[in-house]
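Chemist: Sequence:
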Amino acid sequence: MNGPDGVFDDLRDEGEALDALVAELDEAGWAAPTPAPGWSVAHQIAHLAWTDRQALRAATDPEGFRRETEQLMAGADPMSFVDEGAAEGARRAPAALLGEWRAARAQLREALCALPEGTRIPWFGLPMSAAGQATARIMEMWAHGEDVADALGTVREPTARLRHVVRIGVRARDFAYAVHGLTPPAGPFRVEVTGPEGQLWAHGPEAAPFGRVTGDAVEFCRLATRRVHRDDTRVRAEGEEAERWLGIAQAFAGPPGPGRPRVRDTGAGGTGGGTDDGRGRAAEGGAA
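FYI, UniProt numbering numbers position 86 of the sequence shown as 86, with every residue one higher than the one before it.
Hint data in this document are derived by calculation from the structure and do not stem from the laboratory.
What follows is a set of in silico ranges between Cβ atoms, one per label pair, in the way DEER data are often shown:
no. : residue 1 : residue 2 : range
1   : GLU157    : GLU240    : 31 to 41 Å
2   : GLU157    : GLY187    : 34 to 44 Å
3   : GLU243    : PRO158    : 17 to 27 Å
For every residue, glycine included, the Cβ atom is placed at its ideal position computed from N, Cα and C.
Modelling step: build the complete structure from the supplied sequences, incorporating the hints.
Modeler: Below, the structure written as structure tokens:
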């Protein structure tokens, strides 16, 4: 089962691509610091494994997931479980951690493929479809994969799977406004970004009254996952509201964090680097 737009196969392939990046690392590689303060490569993979397990439980035991989430969110520090899950996993031996992540992501994909069409899965934000959860997991694997690649001094080749990250980044627009205490525009923007093979990925009506966003898909995805400062990209906005959105865009649930600091003096595009914690879970404003 491929799901709409091949999303379930792309979920598998995105996981395998990141897996290949870390599978042969020695202990020093797993301990390498990433741009997320206090998080090593091991923390990044542990976080993905933890979140995959949470998504698996949401898909297979929705009532149990809801009860546990209510308890977590009722704590003194509702977001502490994100760091705790990553820290616990990072203490495991690399081979054990990698094995756990492989098992979790394979079981999650199998569970999502088996869900009847129309099923809504509870999540930390709004409920989402099976395809929406797969899209969210692709987005998060890609974003944390960027952190891992930065830590290892590697530049990854972009793929057409980025179309899923673009989609959830666009559809999470109103959530990004909400977490900043802002009211979103009453209508959509037009978003046109260019994929790695020159393909055009467009969202929103051509005559969108509230603005237009254009640029490179990789840079847009880094903005939407808060892996780069707005001023370090060539992504263009036409209209005041579109420009405001690019400064707050995020495709993941939870608080936005401080964001990455500016690293260039011009808008000449960059890969970022810096302090964004990058630990959010996918926001269903953007999941199908």
